[in-house]
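When you get a sec, could you build the whole thing from the sequences and use the hints?
Protein chains in written order, with our numbering: chain F, 1 to 338; chain V, 1001 to 1338.
Please note that the accuracy of each hint is not assured.
[What the hints assert, rightly or not] Below, simulated PhoX-like cross-link-like pairs (lysine-lysine); rule was C-alpha separation at most 20 Å, straight line:
no., chain 1, residue 1, chain 2, residue 2
1, F, K335, F, K183
2, F, K64, V, K1064
3, F, K261, V, K1335
[As the list claims (entries may be wrong)] The following residues of chain F were derived to be distant from chain V, with all beta-carbon distances above 12 Å:
no., residue
4, K43
5, V120
6, N199
[What the hints assert, rightly or not] Here are a few chain V residues that sit away from chain F, every Cβ distance over 12 Å (derived from the structure):
no., residue
7, G1016
8, K1205
9, E1272
10, L1311
11, I1326
12, L1331
No lab work stands behind these hints: they were computed from the structure.
Backbone N, C-alpha and C define an ideal beta-carbon position, used for all residues, glycine too.
Protein chains: 2
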Amino acid sequence: MKNKQATIKDIAKAIGVSPSTVSRALNDHPAISKATKEKIKAKARELRYEPNIVALSLKNRSTKTIGVVIPELIHFFFSSVISGIEEVAYDNGYTVMVCQSNESYEKEVKDVMALLSHRVDGLLISQAKEILNNTHYKEIQDRGVPLVFFDRKPVDMIAPSIIIDDENAAYEATRHLIDQGRKSILHLGNNLNMPISINRVDGFKRALKDGGLVVDESMIIDCPSDQQGISYDKMLKLLEDGIKVDGLFASNDLLAIGAIKALKQFGLSIPEDVAVVGFSNWKFCDMVDPPLSSVDQPGRKMGRVAMERLLKMIVQDEEKQNDVTILDTKLMIRKSSS
Amino acid sequence: MKNKQATIKDIAKAIGVSPSTVSRALNDHPAISKATKEKIKAKARELRYEPNIVALSLKNRSTKTIGVVIPELIHFFFSSVISGIEEVAYDNGYTVMVCQSNESYEKEVKDVMALLSHRVDGLLISQAKEILNNTHYKEIQDRGVPLVFFDRKPVDMIAPSIIIDDENAAYEATRHLIDQGRKSILHLGNNLNMPISINRVDGFKRALKDGGLVVDESMIIDCPSDQQGISYDKMLKLLEDGIKVDGLFASNDLLAIGAIKALKQFGLSIPEDVAVVGFSNWKFCDMVDPPLSSVDQPGRKMGRVAMERLLKMIVQDEEKQNDVTILDTKLMIRKSSS
DNA sequence: TTGTATGCGTTATCAA
DNA sequence: TTGATAACGCATACAA
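Here it is, written out as C-alpha cells:
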C-alpha cells in the first residue's frame, strides 16, 4: 500500500512534454496551445492528479494552513468557535490545524512551536488558564507570523483580539437579578485568577453597587473546575452552612445547573426562592427544568471574526496592531430567573 | 511584518560552514566534531531555528499530519473523539487537520480531496448523514493513503473501523426499560436512514420481542435533526394525539431532554409515568432533573483507538484490512428510568 | 508555443 | 571531519 499520487512529471512523461508545460496548462497559462492544454488536462483527470500542496507551500512560502490553540475542545463554546474558524478558513482556501493546550502553559508552548514548525500562515490562540509568561507569543510575532487572540487574551501583548465584554455581560446578568428584587446574590466563578473571570467579578460587583447592595466577598465562590458537579458540592456546603441566598449568577451553565440541583435538593424552588442566571447559553439551556437564563456568548461568530481578522493580517501584511473587537453578548431570560 | 524564520542556510552562513554540516550537527550525526557541533547548536538557539517541516515533508514524503473528517464538531461526542485523536497524535509527533462535513456529502468529498492535496499521512473519517457513494473513499485507498473509519462507517468498504455496538446498546437500554415493567415503549431515532440508527432500531425491536412485547412501527419516530427542540415538538404532538407511553428510548440525550420537557408539560412524571433513557451520556446527564439514564459512548477512547489503528497502518504499511473494533458502551442508569 | 534552469529548505550520497 | 550535489514537486524567469 505505497503512496501512489500522480505528479506533474507523471503527466509530462505520459504525454511526452515538459513538466513546465504541464504546470502551465493546469494553471491555464495563456501562452499554451488549446490542443496540448486539453490533452494535459485530460491526462491529469485520468491520473487523478491533485497538486501537492507541500511542494507548493515550500515554493510559495505559504502553507494555506492556520493553527489554532484552544484550552479544551470538548467545551461547547470552544467547539463553536472552531466551527466558525473552519467555516471562514474553508471559504478562503485554508485548512485548520487544531491543538489543545488542556489549560497547561507547557502544552500551549509546545503546540505553538509545533505549529510554527509546520509554517502555518497564522495563529489563533485562546490562552490557557495556567499563565506563566508571553515569550512564546512574542516568538510568533518575532517570526513575522500573524497572531490573533480570541476570548482569552494576555494582558500585555500587542495583538488583535476578539472578545466579549465580560464585565458588562456579568453586569447585565446581575442587574437583571437585582431587577427581579433579589438582594442576596451569590456568584459562582470559574477560576477566579483568569482575566475574564476577574472581569466578570468586576461586573458583578459594579451591578451590586449600582443596585444599592453591599458587596460581600464571601458571596463570591471559586469553582476552579467545571467538571464533576463541583458547583453542586460547593452549593450544598454553603446551604448546609446556612447561607442566605435568593439570586445566583454562575460563570458558566454547567456551574449553574450543578448549583440548581443542590438548591432543589435543599427544598428551594427556582426561581421563586432563588433566581439563577448562567453563562454561555448552551443549547440545553431551554431544555432543562426550569429553562435556564444565560448570557449568550457568540462562539461561532467569534470564530468567524477572528479568522477574518487573521486573514486580513495575512493578506495585508500589516504592522502590529492592537485592535480589540468586542462581540455583543445577549442575556437570554428564561424561567430560572423570572 | 515579513516572515523571518531562520533556515539552516542562515546558520551555515553565520558560522562559515556548509548547510550539510549544519544539518548533520543538528541531527547529532556521529561524524561531526564536537567543537563545530556545539558552535552550530549555539547559533541555532540564538537564531531560534526551528526545522521547516514543509521542506522535511517534501523530502520525506510524509507530513506527520493526519486528516480528520467529522460531521459536526459542536456535538459533544465528536469533540470528545477529536480530543482522543489529538492526544495520541501529539504523543506520536503528529498534528491533526480537522474538517467538518456538516453532514453534507459534497462537503465531505471536498474535505477529503483537500486533505489528500495536503498529503496527510492518513485519514480518519466519520461519515456524513448524507451518503451518495464511496468513490472518494476508494480514491483515498487507491492513492495508498491509510484510512480508518470511526463511529459511522460505510457498509461496503474494506477498511478498519472503530465503532460501538449500536444494536446491542439499544437492546440493553430497551431491555432495561422492559425490566422496569414498561410496556408501551417509544423510540425517538435520529435520522433513521443512517446505518447506526438502523442498528439502534434493530436493537430496540429485538429487545421488545425478547421481552414479549409487540413491535409497533408507529412507536418509532424519526427526529431528523437534534436541533431546536424537535423532539419536544414531536413528543407534544404525540401526547396531544393521545399516545399511550410509559417508556422512552431516545437516540441521543438532547432528544431525550426535549421529550422529557414535553412529557412534564403534559403533567406526566419521570420516571413514575414514563421512564426515559438517552444515548451518549453527556456530562449534563446527571445534572438535569431528574438525572437522565443514558448509554455511555466512549468518545475519547474511540478517538484514541482510531488514531492508534491508523498509526499502525502508517508505520506497518500493511495491506488493506477490514477489521472492526467494537468499543464497550455502558448503560448508565439514573433516576429518569428507575 | 514550449523547453531549460533555478530555487523553496532539507538531507542522503558521494567526494574530498 | 566536512563540502558539493542532487532530489523531493512545483512554478517561473529566461531561452529558444
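Regarding the pair F/K335 and F/K183, is the alpha-carbon distance no greater than 20 Å? This hinted pair holds, its Cα atoms lying about 19 Å apart.
Proposed proximity, V/K1064 with F/K64 (alpha carbon, max 20 Å): holds, 17 Å
Distal placement of V/G1016 relative to chain F, Cβ over 12 Å: holds, 24 Å
Please work out if F/K261 and V/K1335 have their alpha carbons no farther apart than 20 Å. holds, 13 Å
Distal placement of V/K1205 relative to chain F, Cβ over 12 Å: Per Cβ check, V/K1205 is outside 12 Å of chain F; nearest 28 Å; holds.
12 Å cut-off, C-beta based - F/K43 kept clear of every residue in chain V: holds, 17 Å
12 Å cut-off, C-beta based - V/L1331 kept clear of every residue in chain F: holds, 20 Å
Checking a non-interface call: every C-beta of chain V should be farther than 12 Å from the C-beta of F/V120. Is that right? For F/V120, whose nearest Cβ neighbour in chain V is about 10 Å away, the distance does not exceed 12 Å, so it is violated.
Non-interface label on V/I1326, tested against every C-beta of chain F at 12 Å: holds, 23 Å
If we take the beta carbon of V/L1311, is the closest beta carbon in chain F still more than 12 Å away? holds, 14 Å
Please verify that the nearest CB of chain V lies beyond 12 Å from F/N199's CB. holds, 25 Å
Separation of V/E1272 from chain F, once the least beta-carbon distance is taken, above 12 Å: Non-interface label stands for V/E1272: nearest chain F Cβ at 15 Å, farther than 12 Å.
When each numbered hint is compared with the structure, a violation occurs for hint 5 only.
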